[in-house]
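Chain order of the listed sequences is A and B. Its first residue numbered 298, the first sequence is counted upward by one per residue in this note's numbering. Its first residue numbered 298, the second sequence is counted upward by one per residue in this note's numbering.
You may find that some hints are simply not true.
Cross-link-like lysine to any residue pairs, in silico, SDA-like; alpha carbons within 20 Å at most [unchecked claim]:
#1 A:Lys391 with A:Arg332
#2 A:Lys366 with B:Ile339
#3 A:Lys302 with B:Lys435
#4 B:Lys435 with B:Tyr395
#5 A:Lys302 with B:Tyr381
#6 B:Lys301 with A:Gln372
#7 B:Lys311 with A:Pro398
#8 B:Lys366 with A:Ala314
#9 A:Lys326 with A:Glu351
#10 B:Lys301 with A:Leu347
#11 B:Lys326 with A:Glu360
#12 B:Lys366 with A:Pro363
#13 A:Lys302 with B:Pro379
#14 A:Lys302 with B:Thr346
#15 B:Lys311 with A:Arg332
#16 A:Lys302 with B:Asp349
#17 A:Lys302 with B:Glu348
#18 B:Lys384 with A:Ala316
#19 A:Lys311 with B:Asn333
#20 B:Lys366 with B:Ala353
#21 B:Lys366 with B:Lys384
#22 A:Lys301 with B:Gln372
#23 A:Lys366 with A:Asp349
#24 A:Lys311 with B:Arg335
#25 B:Lys366 with A:Glu360
#26 A:Lys366 with B:Lys366
#27 A:Lys326 with B:Ile339
#28 A:Lys326 with B:Lys384
From chain B, some residues computed to sit far from chain A (all C-beta separations above 12 Å) [stated by the list, open to error]:
#29 Leu306
#30 Asn375
#31 Ile378
#32 Phe406
#33 Glu416
#34 Tyr417
#35 Pro422
#36 Asp425
#37 Pro428
#38 Ala432
#39 Ile440
#40 Ala442
Derived by calculation from the structure, the hints in this document are not laboratory data. Glycine included, C-beta positions come from ideal geometry on N, C-alpha and C.
2 protein chains.
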Amino acid sequence: MPYKKLPVLEVDGKPVAQADAVARYLARKYDLMGRNERDALICDVLVDTLEDLEQAICYCRMEEDPERKEARMNQLLNETIPLYLTKFDQIIGKYEGYIIPSTTTWADFVFAETLENFEYMFGAPVLDKYPALQALKKRIHTIPAISDWLIRRPFTIS
Amino acid sequence: MPYKKLPVLEVDGKPVAQADAVARYLARKYDLMGRNERDALICDVLVDTLEDLEQAICYCRMEEDPERKEARMNQLLNETIPLYLTKFDQIIGKYEGYIIPSTTTWADFVFAETLENFEYMFGAPVLDKYPALQALKKRIHTIPAISDWLIRRPFTIS
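Assemble the whole structure, with the sequences as input and the hints as a guide.
See below:
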């Protein structure tokens, strides 16, 4: 396992690390990059921005000092998360739950999975005010192969 | 400025955020993605892994407690940084300072810039044991347009 981290994809018999690199490789292979350069750019921007938010959450969870942790958690729940989710909801709301109009892309899958993680971490109401994000997640979760996997998958949320 | 962060690139009159998204967009436009899908994957993997290292450095710099900061800094300098740089040096050493054999890619630029930042942060000896990383940085820095910019650029390292 390179760099001792998951996920890993085997490509031509060799293990390849890094979630986004693997996702982008599969997206190119299975036509999930959008229709043109501009779509590919929008997917990259939104995925990277979502990861900025995940990093802010990670900083907060890693804080060991109880007082500082509480202050960071308050800022996260009351400012940072609403700021990012409101922006995402506006963008995705324009296209009825798609990141790229009427075209499923790898970024939709990254969002659906990350939003589900947020619900586990902060409770389902975390998405209450964001109908477009809920719509995106629902759309991806009702793709037959995905909904089948959701039933069968082992519980792995950390 | 979207998300109140730099860098920003103007594409079709609209500002686009996220350094890697912008770099990848320009790489597709100016043929800096390597020769095939596998090259593109290797670039993505190495850039994302370099960013894991940058994140570890960032966690350390953000630590406010002096005792914990010292412990983290020790781990960073004696374990984490050597672990990553040794691995990068081995990979890049195979192709004489290129990430993809004989082909300049956007990942080379990301590495050259990040390695320079490491030298500012930890002192030039941080790269002493890594000849391939030094070779890559030197190769990129002697591209005429780059060396010209290096002379003219304002000092912006944080």
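In terms of Cβ atoms, is chain A entirely out of 12 Å range of Ala432 (chain B)? holds, 23 Å
Is Pro422 (chain B) truly not at the interface, in the sense that its beta carbon sits beyond 12 Å from all beta carbons of chain A? Fine: 25 Å to the nearest Cβ keeps Pro422 (chain B) off the interface.
Checking one constraint from the list: CA of Lys326 (chain A) to CA of Ile339 (chain B), max 20 Å. Satisfied? Holds: Lys326 (chain A) and Ile339 (chain B) sit about 15 Å apart, inside 20 Å.
Interface-negative label, Pro428 (chain B) against chain A, beta-carbon threshold 12 Å: holds, 22 Å
Would the non-interface assignment of Asp425 (chain B) survive a Cβ cutoff of 12 Å against chain A? Per Cβ check, Asp425 (chain B) is outside 12 Å of chain A; nearest 23 Å; holds.
Holds or violated: Lys435 (chain B) with Tyr395 (chain B), Cα cutoff 20 Å? holds, 11 Å
Would the hint linking Lys311 (chain B) and Arg332 (chain A) be met if the CA-CA limit is 20 Å? holds, 19 Å
For the pair supplied as a hint, Lys302 (chain A) and Tyr381 (chain B), confirm whether the alpha-carbon distance does not exceed 20 Å. holds, 13 Å
Hey, Lys384 (chain B) versus Ala316 (chain A), does the alpha-carbon distance stay inside 20 Å? holds, 19 Å
Run the C-beta distances from Asn375 (chain B) to all of chain A and say if the shortest one exceeds 12 Å. Check passes; 18 Å lies beyond 12 Å.
Do the alpha carbons of Lys366 (chain B) and Ala353 (chain B) lie within 20 Å of each other, as the hint requires? holds, 12 Å
Taking only the CA atoms, is the gap from Lys311 (chain A) to Asn333 (chain B) under or equal to 20 Å? Satisfied, since the Cα-Cα distance of roughly 17 Å is no more than 20 Å.
Violation of the numbered hints given earlier is confined to hints 2, 3, 8, 9, 11, 21, 28 and 29; the remaining hints are satisfied by the structure.
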